[in-house]
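Chains as they are written, first to last, in this note's numbering: chain A, 1 to 312; chain B, 1 to 312; chain C, 1 to 312; chain D, 1 to 312.
Treat the hints as calculated values from the structure; they're not laboratory data.
One or more of the hints may lead you astray.
[To be verified] Under 10 Å between C-beta atoms, here's a sample of chain C residues computed to sit facing chain B:
| hint | residue |
| --- | --- |
| 1 | Tyr208 |
| 2 | Leu248 |
| 3 | Leu257 |
| 4 | Tyr260 |
| 5 | Ala266 |
| 6 | Ser270 |
| 7 | Asn289 |
Just so it is clear, CB atoms sit at the ideal spot from N, CA and C, and this is done for glycine as well.
Next come the chains, spelled out residue by residue.
Protein chains: 4
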Amino acid sequence: SLKTWFRCSAVQFSSAQSGFFPPAEGIMLPVGAFHNRVAFITGGGTGLGRAMTATLSQLGAQCVIASRKLDVLQQTAEEISSQTGNKVHVVQCDVRDPQAVSRCVDQLESLTGLPDVIINNAAGNFVCPSERLSPNAWKSITDIVLNGTAFVTLELGKRLIQSQKGASFLAITTIYAESGSGFVAPSASAKAGVEALYKSLAAEWGRYGHRFNIIQPGPIRTKGAFSRLDPTGSFEKAMIDRIPVGRLGKPVEIANLAAYLSSDFASWMSGAIIRFDGGEYVSMAGEFNDLRRVTPEQWKVMEAMIRSTKGS
Amino acid sequence: SLKTWFRCSAVQFSSAQSGFFPPAEGIMLPVGAFHNRVAFITGGGTGLGRAMTATLSQLGAQCVIASRKLDVLQQTAEEISSQTGNKVHVVQCDVRDPQAVSRCVDQLESLTGLPDVIINNAAGNFVCPSERLSPNAWKSITDIVLNGTAFVTLELGKRLIQSQKGASFLAITTIYAESGSGFVAPSASAKAGVEALYKSLAAEWGRYGHRFNIIQPGPIRTKGAFSRLDPTGSFEKAMIDRIPVGRLGKPVEIANLAAYLSSDFASWMSGAIIRFDGGEYVSMAGEFNDLRRVTPEQWKVMEAMIRSTKGS
Amino acid sequence: SLKTWFRCSAVQFSSAQSGFFPPAEGIMLPVGAFHNRVAFITGGGTGLGRAMTATLSQLGAQCVIASRKLDVLQQTAEEISSQTGNKVHVVQCDVRDPQAVSRCVDQLESLTGLPDVIINNAAGNFVCPSERLSPNAWKSITDIVLNGTAFVTLELGKRLIQSQKGASFLAITTIYAESGSGFVAPSASAKAGVEALYKSLAAEWGRYGHRFNIIQPGPIRTKGAFSRLDPTGSFEKAMIDRIPVGRLGKPVEIANLAAYLSSDFASWMSGAIIRFDGGEYVSMAGEFNDLRRVTPEQWKVMEAMIRSTKGS
Amino acid sequence: SLKTWFRCSAVQFSSAQSGFFPPAEGIMLPVGAFHNRVAFITGGGTGLGRAMTATLSQLGAQCVIASRKLDVLQQTAEEISSQTGNKVHVVQCDVRDPQAVSRCVDQLESLTGLPDVIINNAAGNFVCPSERLSPNAWKSITDIVLNGTAFVTLELGKRLIQSQKGASFLAITTIYAESGSGFVAPSASAKAGVEALYKSLAAEWGRYGHRFNIIQPGPIRTKGAFSRLDPTGSFEKAMIDRIPVGRLGKPVEIANLAAYLSSDFASWMSGAIIRFDGGEYVSMAGEFNDLRRVTPEQWKVMEAMIRSTKGS
Ligand SMILES: NC(=O)c1ccc[n+]([C@@H]2O[C@H](COP(=O)([O-])OP(=O)(O)OC[C@H]3O[C@@H](n4cnc5c(N)ncnc54)[C@H](OP(=O)(O)O)[C@@H]3O)[C@@H](O)[C@H]2O)c1
Ligand SMILES: NC(=O)c1ccc[n+]([C@@H]2O[C@H](COP(=O)([O-])OP(=O)(O)OC[C@H]3O[C@@H](n4cnc5c(N)ncnc54)[C@H](OP(=O)(O)O)[C@@H]3O)[C@@H](O)[C@H]2O)c1
Ligand SMILES: NC(=O)c1ccc[n+]([C@@H]2O[C@H](COP(=O)([O-])OP(=O)(O)OC[C@H]3O[C@@H](n4cnc5c(N)ncnc54)[C@H](OP(=O)(O)O)[C@@H]3O)[C@@H](O)[C@H]2O)c1
Ligand SMILES: NC(=O)c1ccc[n+]([C@@H]2O[C@H](COP(=O)([O-])OP(=O)(O)OC[C@H]3O[C@@H](n4cnc5c(N)ncnc54)[C@H](OP(=O)(O)O)[C@@H]3O)[C@@H](O)[C@H]2O)c1
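This is chain A alone, in the form it adopts within the complex (with noise of 0.2 Å):
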């Protein structure tokens, strides 16, 4: 029947696009960028902090990278540092406390000064129908994800503030802080509220030498993301299948993307918000973006239908 024509004869997808789409794996900024920079990035040591420390440090930056795993933070360090030459340091650090975060931009001040550009990357999430969580499971996320992020952004802001220096800070979402999502909604809440948070500050300390952006990343396999939200693999293939570049980001990209909204390149730029998803977001929420599925035979026969209506 009419009803059901659609779902039996629909589109295969193969992705095939994703051929149109390769990613440049190659650095983008001109050797030297950020030369005599000093840059902080949270969650350093694994995934895309990982990468985007990688990117800056073969840039010419002196890194800093903080999280809880020293042993982590350290292995990336050395490995970083023996491939770009630059010195990749390391403190340990739990944002959502606010003492320690104190103590990291002590250390921070004492290993390389107060840095250029700071990178709020550090993020905790898992999959989880809403009405199976605790408050320790909401609070275990939001603390991470908002107060950490606040924490560290005062921290550093009220000390640049004090010694009239000027920085770049870029924060990591999400595409669902934007529209918020069932199942994921602490970390959503919680992205949502540095989204906020950064918009505030772009305006308020512009005057004092600071920008503050945003990317919001789509699906980049990562160890970290991937095993908390989709700890089965079976999701992969749903998304790879709605996204039209028909494939999942790689760390290189989104590394080279925030270098440059860290660099001198991008100084216009603050209070912005970036989506960096191959198109996924608009993707599901276009209501009639289903209609892929149609085949051009298909349109035809639904042009005729439409052409022969008459009046509303």
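Starting from the known structure of chain A, fit chains B, C and D with the ligands onto it as the hints suggest.
Okay, now just chains B, C and D with the ligands, sitting in the frame of chain A:
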């Protein structure tokens, strides 16, 4: 295998939840809320425009409806008048033609005087792959929706300003004005344009006593919309499945909202855009909402997998 | 000189337009619209929460109001009950404390059973340069606004789901949840988080019979808000000047909107965010809105200059 | 008195902060990033279009620029070619005319083949109170900006799809596409329409190898924009005052961003809208940002007043 696991055991959607959300069929505002008010509704002869006209007329407004098909307008006007006891006037007008719009407003002025309430509801739309759109097909939609709304709004606005008379303007757009949507690109563009026009005028013309607001409806069955957007009827079930409220909207529901927005109860509302869609938009846009297909048993397995994840 | 021309001859703003937009002081919904319904309002003892409680009570609801100050709650409850003839219950509760929230819901269940209507209205806020915020000052706001709303929502949601009972959830945020704002960064962040939580749950919990909507108020004089946001009173005039409707909002106006959103007339609305601000937001945000200071004579000069421009 | 206190003692804005945000004048992308690529830029003869053309040409692209004024195009093409050593072609085209657009693309195909990079940059605009706009004035802007962009995009899209060739589409809109703005309503509407078109096609045409992104610039001095938006020059200071970065943008800054978005480094970006405005938008839109006028001494007084507030 794990990868196909969810598809096979997926939760069956019954949309049984619609039982929780019965539509209220009555009229919301107090009797006489539009007594001594004149309302002008484009596209008021059919579908949602007709429902809004019926409600305003019931509430005491003198209504004037305008569109291309005089016979349709007349029949609607008679039916509504005979039910409500309040006169409904008709004016033939093709909103794409600025001179026709000017003549229509002449007629309106002589019939009822300038209106207190204006509803830009007339529109055209059809689904079509964008690569099949000719320039004329593009213009056939944008000329009605964007230019038509602008011509009506500017013509009435000028005369109202001249007469130092305040008014409430309301436009009906759509949820994909915000996100865009494939297969309805001309409509998405034109409706987004209407929203920007209204936000612009809300800021600019407040000083003349004018308010401007928008309703973005989700799917509400009308002959005009559904025959051109879902001619085969096969799309409707998928829409209902993803609407959290579990059902389509009813014309009377939008009519009650429109009456509120056009009334003095909303005299402090201007520049607002109100999504009215049973939750469809947030449900589509949120990246993890497909996890509603996961069963409670599967959640237990997933939680165990997540818990056992070590490190990032 | 031309450069200072506008400042000197600027249009004087009288906000006389507020005469066009008289607030409707009466109650909008039909008598008995909340008959047999239970409404739970946090922060219902004062300000906007009190106004919403009064309106719902007038419409037949049994209300339960909760906040920290028992005496304030009790006085409000008595005053409203004596006016409406419908019982208003009080429960002391600090929403920052999940155990207190749980006990509060226990009390609520035994007083009235689980509610049909939930309004998350409790909040804290004060103006402060962000560089003067301690971690505790940050948390003093986000703990009430974001965590408090989450604890109340999750606790009630779980029990309602357990009981297979539907409900309408409404939260009160603010217009700067969207844009962020300097000098109120913790509030902006927490309110943005609340919006994301509600959009997430609108998508996720529709299947359990729950709707989630948001009102973003612009400035409405209440003692609580104005004493902490405009202690000197010098900010108010600037706000009124830029509000297209030419006046502040009234508590009863927001109460009527809230009653609509919580009623069956809005049973198809979920995931919506409704700005209610007299047009303030669009007026501030639009880049050229300051041109309202240009007089008609100056426009003639400017038009001539523009017309004489040749080329790009 | 307290009410006028702030005005009198207001912080003097020097925009001295612009010293923190020096524009980078060099080219960001690696040499040869557009080697063997063809770029088509509408309005490429002047202003921002010219700057983007110069940068792409410098990076190795063969550029084709199109607009109405052949002499302007030719002079620009010669100047750029002679600097970069890469050929810049010119095609006369009025984008409002679909047949002219079709002929232009014919010419383009024979000159260079179909393009890899398309930049829809042509636009028209002028400030004007909306009540002074005739239907023709309305159309003079929307025909260029919305219809022109659509005609160019649809014509190129069809041929690229036919040839199975991927491409990057970029459009230049404006920050008030999002908020609307009085006094530029036709431009706001048309630019909002362009954004919706691009989001729609990002979702729909990914499968054909096409990406669609947007830059929303804030104020960047060009003869074309400033002569029609600020003919007296009196508006510029107010703009700079509210831009957190303390200065206008530079054409080369937008050219670097546009080159990035059009390059393979951004091959995973589609459906994105990037605000590039020195923070102006968030600074205008945030309700409490005017408090930057409060001096440190005044903050102390205000804090004491807030602290002494009791109750709600
Ligand atoms: N990958 C994606 O698809 C994706 C998509 C959207 C957004 N994102 C965002 O991208 C960012 C990086 O994610 P990822 O994918 O790279 O995952 P990841 O490897 O798990 O990164 C998270 C990092 O945060 C650190 N962290 C967690 N809790 C912390 C705490 N309390 N204090 C200090 N550091 C803490 C972790 O280090 P320790 O365990 O050592 O503390 C870890 O290095 C996150 O903000 C994430 O939300 C990722
Ligand atoms: N129903 C839905 O699900 C839905 C969803 C989202 C948005 N909307 C919007 O809701 C509004 C009403 O739609 P509907 O569903 O009620 O469909 P409809 O019955 O087809 O209404 C469209 C109306 O517009 C009038 N119209 C079309 N072209 C016109 C022109 N050139 N000049 C003057 N009037 C013209 C039509 O009358 P004539 O043919 O007599 O001119 C008709 O009365 C539209 O703006 C639509 O975009 C509807
Ligand atoms: N008025 C405006 O212009 C405006 C504008 C935008 C948004 N809003 C929002 O509107 C809502 C109401 O504000 P309002 O103007 O009516 O101010 P308000 O009178 O100060 O209301 C705030 C209420 O929250 C309660 N509350 C504070 N902390 C609490 C806690 N920890 N636990 C439980 N309850 C707590 C307070 O009661 P106790 O002190 O007894 O706890 C008080 O009743 C707030 O969400 C506010 O953000 C107001
Ligand atoms: N500068 C800013 O501050 C600013 C801010 C926000 C957005 N923008 C946007 O940036 C873009 C470039 O602006 P600009 O500042 O560089 O101003 P501009 O120099 O005036 O550029 C406009 C270009 O559009 C071309 N054009 C106009 N009508 C055309 C038509 N019918 N057909 C073909 N081409 C046409 C013009 O060339 P011909 O006259 O030869 O046709 C001109 O080259 C525009 O989209 C503008 O809206 C600029």
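Comparing the hints with the structure gives:
| no. | hint | verdict |
| --- | --- | --- |
| 1 | Tyr208 | 7 Å, holds |
| 2 | Leu248 | 8 Å, holds |
| 3 | Leu257 | 8 Å, holds |
| 4 | Tyr260 | 6 Å, holds |
| 5 | Ala266 | 8 Å, holds |
| 6 | Ser270 | 4 Å, holds |
| 7 | Asn289 | 5 Å, holds |
Hint violations for this structure: none, all hints satisfied.
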